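Peer 1: Please model the complete structure; the sequences and the hints are all you need to start from.
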Amino acid sequence: MLAFESIVKPLLFLHLLGAITALASAIHLGLRLRRARGGQPGHYRTVRLHATVLLSAYAATLALGMLIYPTFRVRVRHEFLDTQVPIATALFEIKEHAAALALLPVIVLFVLTRPLAFNRPLEDRYVPLFSAMLTFVLGALLFSAGCGWWLGTVRSV
Amino acid sequence: MLSRAIRIYALCLAVVGFAVAYATVTVGPYYHPVERVWSMTKLPDTPAMSWYARFAWSALAASAVFLLALPVLNLPALQSHVEQRKGFATALALLAFGALAATLAYLAYSELQHAAQVLALHS
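First to last, the protein sequences are chains A and B. Going by the working numbering, the first residue of the first sequence is number -5, and it counts up by one from there. Going by the working numbering, the first residue of the second sequence is number 2, and it counts up by one from there.
By construction, these hints were calculated from the structure, which means they are not laboratory data. Computed from a prediction, not measured in an experiment: that's the story for all the values here. A virtual CB, placed ideally from N, CA and C, is assigned to each residue, including glycine. Accuracy of the hints is not assured; some may be wrong.
Restraint-style ranges between C-beta atoms, simulated for each label pair [as the list claims (entries may be wrong)]:
id: 1; chain 1: A; residue 1: Leu11; chain 2: B; residue 2: Arg86; range: 36 to 44 Å
id: 2; chain 1: B; residue 1: Ala102; chain 2: A; residue 2: Phe74; range: 30 to 38 Å
id: 3; chain 1: A; residue 1: Pro4; chain 2: B; residue 2: Ala106; range: 33 to 41 Å
id: 4; chain 1: A; residue 1: Gly133; chain 2: B; residue 2: His123; range: 28 to 36 Å
id: 5; chain 1: B; residue 1: His115; chain 2: A; residue 2: Gln34; range: 43 to 51 Å
id: 6; chain 1: A; residue 1: Leu10; chain 2: B; residue 2: Leu79; range: 40 to 48 Å
id: 7; chain 1: A; residue 1: Pro115; chain 2: B; residue 2: Arg8; range: 16 to 24 Å
Calculated from the model, a selection of chain B residues having no Cβ within reach of chain A, i.e. all distances over 12 Å [as the list claims (entries may be wrong)]:
id: 8; residue: Val28
id: 9; residue: Gly29
id: 10; residue: Pro72
id: 11; residue: Val73
id: 12; residue: Ala78
id: 13; residue: Leu79
Listing some non-contacts, in silico: residues in chain B with all C-beta distances to chain A over 10 Å [to be verified]:
id: 14; residue: Ser4
id: 15; residue: Thr27
id: 16; residue: Leu71
Peer 2: See below:
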């Protein structure tokens, strides 16, 4: 028996829920900031909320993925994908790299939004940094979600 | 007392440190899920996982860069750039995004190239 193999299906379900929450909060984060900067500063409060949800959901999804990985590595990748569908192995690895690289940008977004309030908008000089980090995070999340869904249709844990 | 700008810029440099370490560090320890053991070298004829170590080393590198960047960015010679110039923030944003994108592109190319080699062997 591999580590966490007996509970891997509930873990995978929670991983899916975490990924959906992270993706939704990242999209909302961008939309709310746009509204807040467009003359509706009341949205800064929800910008902070979405950044907190994003960090929590992302960290939880990453941690759950780490627990699922040994079972996936042996039962799915080693026993099937590596020999039958090597392109799926490559896409899975790219998804893992993207997920790891997006963790620090999520933390940057969280730190940038901490002091925001109705009367404390995001300073202009931080807008390019916010946009760059959110672009990378959204790209990584969308790619990971698409890959994760496709891999699930090929073979799952 | 370190300003908010210094902490944010140090975090940007930590992002760069993480990306560079993630692209370059490929040492162990490796986790062997079948045997449920860790070792500094890959055991023969069994799956080995290097992702955990790669992630941990990269996180360590990012922490080191962050802690080193704080006093450097706080130097009097840099403080005027850090606190006042918008271009400094934009440059760091581009640097961080560039490091992340370049690392991901490099790793994606390596993975796809490996998959193509496996496919060529099988066909």
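Peer 1: So which hints don't hold here, by number, going up?
Peer 2: Structure breaks no hint.
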